[in-house]
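S.K.: Both chains are given apart, each in its own frame, so use the hints to dock them into the complex.
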Amino acid sequence: MQPSHEKPRKRELDPERNHHCESRRGGTVDLGLPRRLVELTLDDRTVSAPEGSTILDACTALGIEVPTLCWGDTLRPRNACRMCMVEVEGSRTLVPACSRRITDGMVVRTDSERTRHSRKLVLELLGSSADLSTTPEVAGWMAEYGADPGRFGPPAPGEDRDERPPGEHEAPDGSVAATVHQPAKVDNDLYVRDYGKCILCYKCVDACGEQWQNSFAIAVAGRGFDARISTEFAAPLPESACVYCGNCIEVCPTGALSFKTEFDMRAEGTWDESRQQRTTTVCTYCGVGCNVTLHTQDNEIVRVTSPHDSSVGHGNLCIKGRFGWQHVQNREPRP
Amino acid sequence: MDLHLLNDTPTDVERAAVDALLGPPGGNGSGPGHGRDQLLPALHAVNDRVGWISRGALNHICDRLSIPPAEAYGVASFYALFALRPRPPRVVHVCDDLACRARGSAQLCAALESVEASGDVMWLRSPCLGVCERAPAALAFQAGDPARTQLLAPASEKSIVDMVVSGPADGDQEPSARDSVPQAGEASLRLLRRIGAVDPESLDDYRAHGGYLALRRALEIGPAEVVRQVSEAKLTGRGGAAFPTGRKWEATAGQPAQPHYLVCNADESEPGTFKDRVVMEGDPFAVIEAMTIAGFATGCSRGYLYIRGEYPRAVRRLRNAIEQARERGLLGRSILGREEFDFDVEIRRGAGAYICGEETAIFNSIEGYRGEPRSKPPFPVEQGLFGKPTVVNNVETLINVPLILTGGGAEYARTGTADSTGTRLFCLSGNVRRPGVYEVPFGTTLRQLLDLAGGVEQDRQLRAVLLGGAAGGFVGPDQIDLPLSLEAVREAGTTLGSGVVLVFDDTADLPALLLRIAAFFRDESCGQCVPCRVGTVRQEEALQRLVRNRGDGADDLALLREVGRAMRDSSICGLGQTAWNAVESAVDRLGAFTARSPGTGGPAHVDD
Ligand SMILES: Cc1cc2nc3c(=O)[nH]c(=O)nc-3n(C[C@H](O)[C@H](O)[C@H](O)COP(=O)(O)O)c2cc1C
Ligand code: SF4
Ligand code: SF4
Ligand code: SF4
Ligand code: FES
Ligand code: FES
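Note that the protein sequences, when read in sequence, are chains A and B. Residue 307 in the numbering used here sits at position 307 of the first sequence, with consecutive numbering throughout. With the second sequence counted from 1, adding 1000 to any position gets you the numbering used here.
Just chain B, same shape as in the assembly (with noise of 0.2 Å):
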């Protein structure tokens, strides 16, 4: 194919970013990798390199890949943290989403607004980091060989103002992941047992406290009754739609085509969660011997770890989990020694784009296209990535299994309810006490899971929960005691999501937080299909003029509830269909716009 690049030229840094990725040019193609599935990679190379990809960067990219330019143009452009005109080599992106809402992100934004421009440092405004727990928070970037990276929460005016001059540190400043564990030590945690007691850098620490025993016990009973053992434990999908894991691997593993893939879904970007973050960080091993064991049972010989582009520190600890387990003979050919078992595990790193966690729209970002959703069917498990038969599943779910096979099914589904078995990971942020990461039975109820945190702040009533993320749902005081267990909350209309549990209390500004998440819909939405790709835009107008008091509100609600529908019933993607349901629980439940008076009275308050 004629590529017909444009005429410019990649200065030296650029050139040598992209073939420090892909080896030297002209290696007759025996490099690490000269697929279009490079593309990503290759542009994180030089955005972390430069900071951002010129017109010569991406001819260079374009070039060595054999990609047509308009589509690595159209691929570069789809990514947030990605820049296509110059950009300072310091980027600061400040989280001013839900939580960190919550714990004053408006004052660190109004602290930087103060501060003077500079050619080297610009800042912006991001979506949740995934750190809700220590908000408010804010992501430094300076690009350079090495890049670095340094997560700043909870930020203060000061400190973030010293970020934006003096940059990121050099190595590991945060706190260690036990204080987003406000249990650990705990005896009745399980799936956060080693957070804070296991060293994350360590494999024989990892061993120690009781690592890879499950993978041998897999080993001995063989990829079928692993399986049947995750079906009879009835385990559950956490990533959101709560799809049973055991039909999901049996439908893989009896697919004739080959190979199968295995997708660790860590692009964890629903506001409100940062749950996978946590365990990744604090025991990365249990990770990947997971999905080792996920490999064996379904048939893959290769996984990939496809991890939201701001976790650095989670990328760095993976990485030397599976730099470690590969010396061990634990990940690559043949592992412990069986000769027919071969598995290892590529790491991924996202770029900006919620709309990536979405299981078919990894698929397209780790291949390179745009990370757009497919349409279903065909399934992963028949055609996924690379079109072949694919299992997806988010990091909590596969990091059950481990106990499940040392446990053995049948007592693994004795906790919880009947038909939402296990444990669960709850993120408490927002106005609690104590926020983190919670494990607590299915069924323990919305009062038991707030208390355990501490509940609101003395002086301070509760007035909503959001559940399940900007993709759940807002529940009120009132419905306090719902069991947090898949039936009841499918009866009470709402859902558990990804386990977001985003307290606000009577100082919440209830109509600009819908605002908010309008607008990171509209911003999330991958523009593929019409009911959302015009839809969210709708859906923040209205909501705009029913918070400015524009117009008739009776209007504007019939409005919102029209696109809603039409959002929810043709969307592609489940982005679109729950697009709406967030707005619609405050409206109803809560009230939100009821007689024109603005959620929590005082003045509407509104955000230029």
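So that you can see chain A by itself, here it is in the shape it has in the complex (with noise of 0.2 Å):
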């Protein structure tokens, strides 16, 4: 599969999957006995899907896109975004199409006036707080939707975050429309936090964490709209106990995190994906054998993905397979 960064992810039926992260966390043992099919209606197609199925994997089975944002395919469900809400028939309120497991006899609609509604708000409300320019594919669902995100205000300007308490707030006076803008976060070599394009999909938080790199550098601090992305105390990433293993910037959906080389180049105005190759390789620092790919400007290596479908590490790499490339580039490290 492609890093979450770029194109369309293209996802596959493969009720495995969701079985293989539970098996992580509980340690429930998977016998992969074969799975009873469960029959639903699906936009009015009567179909089936294996039961553990999520709605989301039954509706890429048919080819039935649905949008997602904090939904990553090496992860558990967060159900944060609420960008994949489809109409379940007896359910009061929407249902999340990337958790929701099937069942037998639910009649699910993706696409209706409701679905189409919550999505163009989400949409609004994500694009009117953060900066979604380097988010794949929101462009083009905003104007599926007839999304426009200005109609709250002007945007507040960005200020720091770090340190909001919980439960209050400063009265807004309406004139412009709150924002998570902020200063990006430069406090070390190799990646940078842009935190002003972050929608809190909770992904680097998981990859950091018990779900695969268990380092738990990272958490959400705060609550509601002053919810943040932080170390403790908001200390600066080298004091935290960051390996630099760049599982955060693979999962991330925004851009909020990227490798320093393309949060410079972009601020320089060189990045170009259009003049960029990938070439997947096998890292060779350690027998592990990760898959890496690079991805290469000007023949210079810019950024380093790893497949998500590699058995081997899943999309995870370490500081050596993620940042220590430089030595294969016959240049000076970047001024």
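Simulated from the structure, these hints should not be mistaken for lab results. Warning: the hint list may mix true and false statements.
Computed from the model, here is a short list of chain A residues facing chain B with C-beta under 7 Å [said to hold, decoys possible]:
hint	residue
1	Phe216
2	Ala219
3	Gly224
4	Glu232
5	Pro236
6	Pro238
We put the CB at the ideal spot given by N, CA and C, even for glycine.
M.R.: So, in structure tokens, the structure goes:
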């Protein structure tokens, strides 16, 4: 599969994947037995899919597009963004396709007036509060759903958001729309945290924590609109538990987390994905044999991702595979 | 796991506060608790002792409990009662929520603004403190060993300034819980019958008033029969969602996974709600007995009583009740001599987060995680606290159970209406003459209830009633004959919620109230899902524009409706799903912004 930064991710109907995730958490043993088929109605079509599949899995198998942001192909669903909401008959509210399991006789509508309204509003709420300029697909969805984030008013200017206390805020006057805009955090040479682009999808937290890296360097802090991804006391990354594996960058859907190279090149105006090539190879640092995809522009490595469908690392790398490629470039480090 | 702590050490006092809770370090993990679920109590221990939580103190907690510091910080920064920056040891929380506004909280704040700042004390505006019947209210915390708290209600300009200057007094200065029950002593009372009559500190007196007969009865008839009687009584939850209690119990009792847990939801943070507090202060043993019965019926050997952090007197009385019950073999092992029945109760204090009353957020809070609601399914009866089958019930729901057992389920169901059985506690506050907790059968009309409370002051007109709290909705004077039953309010498109009946007369500044409600939801959203996290912000902004006559009002009303619809349809939990209810009802039923005139005529009042 493609790294989440890029083009539409290819999803396969793979109930084993969910199962696999759970087995890492709960220690259930996957016996790999064939699954019972569940019959449901999806957009007026009667279909069947293996028990344990999510609505999203079933949609993907049929080629029905359901937009997602916080869903990650290597992570347990967090249900946070509410982009993927669909209508299920008998349910008072819409339900998240990314996590709701299918049941016998379920009647699902993915493209009704109600789902379109909800998606439009979610896009507008996100677009009016965060910088989505590097979130792939979002511009297309905005057009598709007729979203206009500007109608909440001009965006409020950025400011530091690291120490906002929970349960209180300054009353707005309605002249501007509150945003999460803030200065990017550049506190190390490897990657940048530009939380003005963050949609709080929780993916980086899950990747850093028990689902992958077990470093727990970052968590969600604060509450409500002032919630943010943070280290303890917002300490700079080098003081935190971060081991610079970059797995958080791998899963970030918005580009809020990015390689310093990418951040700098974007600032210089030299970042150009149309001129980039990708080469997938095997990391040579140790015997594990992780797959790495080198993104090169003008013969320089500008970013490293890892294929999520690789059976070795499922998209995860360590600091060496992710960042340790300066030596292959015959040049001085970027100033 | 290498915790990688920041390079800060705790002070001796901070260290001692944590170790007093967890036992001495290096104690081979045999202390009272060394798990992640001790995080919230440990944060309280430091905050209570010092007044805020420093880097060194957080490090020590993380070290003792093996919690990554980023996660502990994420948890600590979730709760409004904790400070992560230096803060004076004395903090006074002044309620400026709906009922207190109707009773002059603005003057209190004004009086405090003129008091000179000092390094030892600060004051803050607070959401509803749950004593609306004695509005306006303030609550003072004084860090120390022991920490002191004092509730000041009703507060006057003088008493609040005194409190700021001299700090909370020693001992219980509050009026008796009986004063909060205007019907006290009346023969019609069932749930409230003991309040004022029984000594809330004495197990003997509780027994002399019929206490623990119901538990004996339960042990006689067995768990299945208890559940059957509760179902036959058609008891519904009083915490807000009105779910049938019998169904919940049956589903939990039948779960093969072990252990099962009981959670008594005493978070009571819905603005305008104070009934559970009055019950816990006035009849605490009833809550413990009811929990014991519920534990017996559903196969739980452990119950958690999760109580909001702003209820110090209720906590004291419940602690005392639990200790006495333990001493007499009414909690603990082999209760009442019954070999196979063990049950005990642990109190957990919340720390200033309305969302922790949501039935799955409460699990995360107890477990030591951020109080974020979980996605359902799985439901609590299958996977709740610590991933195990769990019953969550509201305080008022639970104290109905002894009545059901002593009188029988069928008899119980004869009170109320066909579909809403029993009596209901209503919290009357705002512009009524006799605010307090009232107990009436379901089906009593709003008019009858308001009459009981003496109606609005002479020469005033009823303007609106907020039914069910901030998550409920406004009704106007034209709906005063609405019967207060689940079915009638549902048909009328509103809710009884947690029993809030917040009354406003013609002096009320409706737009200002709506702004307060919107600000409340924006403050209390956990921040997990987009519709609620951002939607509550956009709702408040649009209301501000409407109130300040900015831009085209029609546009903002349309915007509010669109945002409200998405919040209702797509939020994870009830907070986001109901965050637009009250505003919508004020717009549609009370004409709050019709023809661009701020609700009550007169100039729009704006709080900056
Ligand atoms: C935001 C939110 C806050 C809530 N707060 C409380 C509360 O403080 N006390 C309570 O009993 N129920 C509260 N509830 C309802 C609980 O989720 C749950 O339905 C209830 O505790 C179940 O008990 P019951 O069936 O006895 O009513 C809240 C729900 C939501 C969505
Ligand atoms: S680079 Fe790795 S360790 Fe550091 S924050 Fe990201 S996921 Fe965690
Ligand atoms: S930084 Fe990226 S991955 Fe992390 S929460 Fe924000 S958008 Fe999601
Ligand atoms: S609706 Fe609000 S409070 Fe509930 S989960 Fe979503 S953000 Fe949190
Ligand atoms: S993709 Fe389903 S909620 Fe985010
Ligand atoms: S105590 Fe102030 S509004 Fe409830």
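S.K.: Hint by hint, note whether the structure agrees.
M.R.: Hints versus structure:
1. Phe216: Holds. Min distance 3 Å.
2. Ala219: Hint on Ala219/A: holds, closest Cβ of chain B at ~4 Å, below 7 Å.
3. Gly224: Holds, because the Cβ-Cβ distance from Gly224/A to chain B comes to roughly 4 Å (cut-off 7 Å).
4. Glu232: Holds, because the Cβ-Cβ distance from Glu232/A to chain B comes to roughly 4 Å (cut-off 7 Å).
5. Pro236: violated, 11 Å
6. Pro238: Cβ of Pro238/A sits 11 Å from chain B, so the hint is violated.
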